[in-house]
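Enquirer: Below, each chain spelled out in residue letters.
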Amino acid sequence: NAGVTQTPKFQVLKTGQSMTLQCAQDMNHEYMSWYRQDPGMGLRLIHYSVGAGITDQGEVPNGYNVSRSTTEDFPLRLLSAAPSQTSVYFCASSYEGLAGGLASYEQYFGPGTRLTVT
Amino acid sequence: AQTVTQSQPEMSVQEAETVTLSCTYDTSESDYYLFWYKQPPSRQMILVIRQEAYKQQNATENRFSVNFQKAAKSFSLKISDSQLGDAAMYFCAYRSYIPQGGSEKLVFGKGTKLTVNP
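In order, the protein sequence lines correspond to chains A and B.
Residue numbers for the first sequence follow our numbering, so the first one is 1 and each next one is one higher.
Residue numbers for the second sequence follow our numbering, so the first one is 1 and each next one is one higher.
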């Protein structure tokens with residue numbers, strides 16, 4: 001299993017440009033999420049999906065779009081990049097289930113994408 | 001809304017000694033998960049330990065253990081026999097227990113930078 005993969009690893013954009021950060025997982029997890037990490041802020045949830053065709057906003061969704069057409073892929077789109085979107089972006093996949101009748105949850109992160117908007 | 005607080009921006013420990021990282025959280029829920037993640041300079045998010053709120057026994061993983069105080073809403077991480085490879089940012093995180101899906105929201109603290117001195 002490759003786990004969670006993200007591309008690209010690094011990206012520099014000019015203000016106003018658009019781009020898509022790719023995320024894929026091969027663990028057949030229903031849940032996928034996008035986070036951003038800024039210095040001193042920890043990770044903050046941008047958008048998440050609980051299954052193909054279902055997405056919802058997290059804590060900081062403005063300026064980002066997502067879609068989930070397949071279980072495996074969850075791309076994050078920046079339609080018009082702004083300097084405030086300079087950050088490290090993490091994709092994650094997870095599942096919640098029952099193990100022996102008890103709740104269980106696991107989450108796996110991708111390696112991250114460092115995005116700079118000038 | 002849930003919040004997670006890590007009151008120690010930085011900590012240091014001598015190699016082979018023990019260190020405890022603090023985490024408190026605020027929630028009105030009774031069922032949830034708590035996590036400690038390690039982020040080394042490679043920026044990969046690595047799960048260190050997980051605690052289900054319904055479990056009274058504190059979780060342990062080799063040299064890592066937690067002190068989970070549900071009533072006090074406290075979730076500290078103890079690292080025994082510290083090693084140079086333990087140097088990293090450590091994040092505490094909270095997730096609601098949500099049966100049948102419907103949401104996926106992890107809330108992270110701002111992190112504690114751990115330095116291990118030889």
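The hints are simulated quantities; they were obtained by calculation from the structure and are not laboratory data.
Note that the structure is predicted; figures quoted are calculated from it, not measured.
A hint or two may mislead.
[What the hints assert, rightly or not] FRET-style restraints, in silico, Cβ to Cβ:
hint : chain 1 : residue 1 : chain 2 : residue 2 : range
1    : A       : Y95       : B       : R43       : 21 to 29 Å
2    : A       : G63       : B       : T18       : 40 to 48 Å
3    : B       : E61       : A       : G51       : 25 to 33 Å
4    : A       : T20       : B       : D31       : 30 to 38 Å
5    : A       : G16       : B       : A71       : 48 to 56 Å
6    : B       : Q44       : A       : G16       : 43 to 51 Å
7    : A       : S80       : B       : E17       : 48 to 56 Å
8    : B       : S28       : A       : T15       : 22 to 30 Å
9    : A       : P75       : B       : K73       : 21 to 29 Å
10   : B       : Y97       : A       : M41       : 34 to 42 Å
11   : A       : G16       : B       : E17       : 46 to 54 Å
12   : A       : Y95       : B       : T20       : 28 to 36 Å
[What the hints assert, rightly or not] Dumping the calculated BS3-like pairs for lysine-lysine here, alpha-carbon to alpha-carbon at most 30 Å:
hint : chain 1 : residue 1 : chain 2 : residue 2
13   : B       : K55       : B       : K113
14   : A       : K14       : B       : K73
15   : B       : K113      : B       : K70
16   : B       : K73       : B       : K113
17   : B       : K55       : B       : K110
18   : A       : K9        : B       : K110
19   : B       : K78       : B       : K113
20   : B       : K55       : B       : K73
21   : B       : K113      : A       : K9
22   : B       : K55       : B       : K78
23   : B       : K105      : A       : K9
24   : B       : K70       : B       : K110
[Unchecked claim] With the Cβ distance kept under 7 Å, some of the chain A side facing chain B (calculated, not the full set):
hint : residue
25   : M27
26   : Y31
27   : S33
28   : G42
29   : L43
30   : Y64
31   : Y95
32   : G101
33   : Y105
34   : G112
35   : L115
Quick reminder that beta carbons are idealized off the backbone N, C-alpha and C, glycines included.
Enquirer: For this structure, which hints from the list above don't hold up?
Expert: 6, 8, 9, 10, 14, 25, 30, 31, 32 and 35
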